[in-house]
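Input sequences plus hints: build the corresponding full structure.
Residue numbers (the working numbering), protein chains in the order written: chain A, 36 to 278; chain B, 36 to 278; chain C, 36 to 278.
Mixed in with the good hints, there may be bad ones.
If several chains are the same, the list does not tell them apart, and a pair holds so long as it fits within one copy or across any two.
[Unchecked claim] Calculated cross-link-like contacts (lysine-lysine; reagent style DSS-like; alpha-carbon spacing at most 30 Å):
(1) Lys236 <-> Lys102
(2) Lys65 <-> Lys264
(3) Lys236 <-> Lys264
(4) Lys244 <-> Lys147
(5) Lys264 <-> Lys102
(6) Lys244 <-> Lys271
(7) Lys276 <-> Lys264
(8) Lys244 <-> Lys60
(9) Lys276 <-> Lys147
(10) Lys147 <-> Lys277
(11) Lys264 <-> Lys37
(12) Lys37 <-> Lys276
(13) Lys276 <-> Lys39
(14) Lys274 <-> Lys102
Rather than coming from a laboratory, the hints here were simulated on the basis of the structure.
Here the structure is a predicted model, which means the values were calculated and not measured.
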Amino acid sequence: MKFKNPPVNSLSLEFLTELIISLEKLQNDKTFRGVVLTSDCPGVFSAGLDLMEMCGRNLAHYAEYWKAVQELWLQLYLSNLVLVAAINGASPAAGCLMSLSCDYRVLADNPKHVIGLNETLLGIVAPFWFKDTLVNTIGHRATERALQLGLLFSPAEALQVGMVDQVVPEDQVQSTALSVMAQWMAIPDHARQLTKTMMRKATVDHLIKQRDADIQNFVSFISRDSIQKSLQMYLKNLKQKKS
Amino acid sequence: MKFKNPPVNSLSLEFLTELIISLEKLQNDKTFRGVVLTSDCPGVFSAGLDLMEMCGRNLAHYAEYWKAVQELWLQLYLSNLVLVAAINGASPAAGCLMSLSCDYRVLADNPKHVIGLNETLLGIVAPFWFKDTLVNTIGHRATERALQLGLLFSPAEALQVGMVDQVVPEDQVQSTALSVMAQWMAIPDHARQLTKTMMRKATVDHLIKQRDADIQNFVSFISRDSIQKSLQMYLKNLKQKKS
Amino acid sequence: MKFKNPPVNSLSLEFLTELIISLEKLQNDKTFRGVVLTSDCPGVFSAGLDLMEMCGRNLAHYAEYWKAVQELWLQLYLSNLVLVAAINGASPAAGCLMSLSCDYRVLADNPKHVIGLNETLLGIVAPFWFKDTLVNTIGHRATERALQLGLLFSPAEALQVGMVDQVVPEDQVQSTALSVMAQWMAIPDHARQLTKTMMRKATVDHLIKQRDADIQNFVSFISRDSIQKSLQMYLKNLKQKKS
Chain A
36 MKFKNPPVNS LSLEFLTELI ISLEKLQNDK TFRGVVLTSD CPGVFSAGLD
86 LMEMCGRNLA HYAEYWKAVQ ELWLQLYLSN LVLVAAINGA SPAAGCLMSL
136 SCDYRVLADN PKHVIGLNET LLGIVAPFWF KDTLVNTIGH RATERALQLG
186 LLFSPAEALQ VGMVDQVVPE DQVQSTALSV MAQWMAIPDH ARQLTKTMMR
236 KATVDHLIKQ RDADIQNFVS FISRDSIQKS LQMYLKNLKQ KKS
Chain B
36 MKFKNPPVNS LSLEFLTELI ISLEKLQNDK TFRGVVLTSD CPGVFSAGLD
86 LMEMCGRNLA HYAEYWKAVQ ELWLQLYLSN LVLVAAINGA SPAAGCLMSL
136 SCDYRVLADN PKHVIGLNET LLGIVAPFWF KDTLVNTIGH RATERALQLG
186 LLFSPAEALQ VGMVDQVVPE DQVQSTALSV MAQWMAIPDH ARQLTKTMMR
236 KATVDHLIKQ RDADIQNFVS FISRDSIQKS LQMYLKNLKQ KKS
Chain C
36 MKFKNPPVNS LSLEFLTELI ISLEKLQNDK TFRGVVLTSD CPGVFSAGLD
86 LMEMCGRNLA HYAEYWKAVQ ELWLQLYLSN LVLVAAINGA SPAAGCLMSL
136 SCDYRVLADN PKHVIGLNET LLGIVAPFWF KDTLVNTIGH RATERALQLG
186 LLFSPAEALQ VGMVDQVVPE DQVQSTALSV MAQWMAIPDH ARQLTKTMMR
236 KATVDHLIKQ RDADIQNFVS FISRDSIQKS LQMYLKNLKQ KKS
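Okay, here's the thing in structure tokens:
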């Protein structure tokens, strides 16, 4: 599965919906047992949430958008498929979350390919289920520091802290992901899926139990004047950088 | 305490019962403060559960067997004694669980002495309390990968991931275990036991609260046709290997 | 903030009360965003709880004392301020707890500057919220071993296990703490504080829910004859050492 929403695979509502539908199809098609997630956009795995969807829209739009973000994570995190992330570019914020939701992460060794949940840098807060996913991957203390400082890890740092499982030269990302996939394919599906569910269900249930409250929380947070202003400032700077 | 159920210290119902009674006796005998667990069978610490007890028997037998497996873990994991595992052979599956339930693990440095919860390789699933015990030892992410792939770790890998505390040359396993024991013996028993209970009680309570459901779950899983077939296949292959 | 209760910054009731009031003031004074905690006493960050407050006093005193210990931790662990520990001396027991409650720990590289929760060595048990704080920092397995054995880690060991974040030469502790502080100051306060709360609130709520029971538990434990005797023995040995 190659993400293709140029230039940086931002998770627009449209792109999110497309991803969710594709994942559902693959999951229901019994001829597929595993999927490698990678990017078609040079230098970026996914830039994460699309700030355009979170800026200057109405409350109903924010709610619809957030529900789709939740849905993507729910699909990924408990997928019956083996998911291997072949991370061939930067993956900040929700781009990082998508990687963390896979079963294995291979990162291309390029200092520009940073990875992390950097929400605080934008003045916003990663939701609790982003946090839970990171704690499950790198533990409580490393998460505490990474989330508060909004750290983006270089490949060497990401490997060291456990954010990814392997760092390989850029031209070997896809082939490594495929051999990892072969290793996971060797395990009987049924036993592997039950084991995955046993490991991850509590974390998923945590969100499901308060899904609506989480949407309300996002909507009221993102629609605050102060947050809207800081997002608009950030977007403006981004545009100036480009031009 | 030297496990002696040749050739591979399989946990037959009889052997399990013997272990449980011995542990109870030691625990109630105030002259004992600690026990080193090791194997009398060359090359194997314990091969884990006895597939013969899980194949072609009736439901009542499966239930009785599983209750004994639970009982052994409950005895070990919250034992008032200091338990040091001197792992002088391979310890897959429940053999690994016994090691994980001790207070400290010394592994003999021999590439054949692999250790891990490899249930998925047999098409079965490690119970949640095996999983909890492993998470408490090596953390969530490493457990997720190890359990899904049914990984058996070499001594170097086991040390790296935290599955064991020390790897030493084969002829030093017993002496190392004894000096570790001396270190633990230097701590006042009462304070150490209360601390151990504080660390492990929640995990034990997790099983105790649903002990019967866990037995029912095992019985209905293991008695499925598909599982019985795959176990019989596995046993057949095992016999052919030997001859 | 420089601890100054010579000779070893023992947490007497008076000193505790002073610390709590100072922290409250700093927290409410909006001109302060972060505080470096360090010691004015050579060779000791803080020796922890003051055994004089726990020996030969009445039950009401023990209860008052314990409530103050809880209060200090509650203040530190969820502080809105960025707290950096510049650990320029030994920090056993509650001295270690204060360090663990900060956001970042810099330890001076001196083999005498040991750090750890060594309660079992005195025949007492670290309370569950000391344990929770340590588990959040170094994980379950390392905590299990450290707490049961009452381990005091050397700087190299403390770094290795994750008890501190950085070890630097003694004359660079303060300057390193200040540059760490600058890094944390670069993050928008509001987002950082919400993130910190998200990470730590469950642990704090664990104590708040059973605060009175925890006080009762301490009072009845510490007033036991056997505990009083072993504390008096310990104090006597300490005095003999000094003279």
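| query | Against which earlier hints does the structure fall short, listed by number upward? | reply | Those not satisfied are hints 4, 6, 11.
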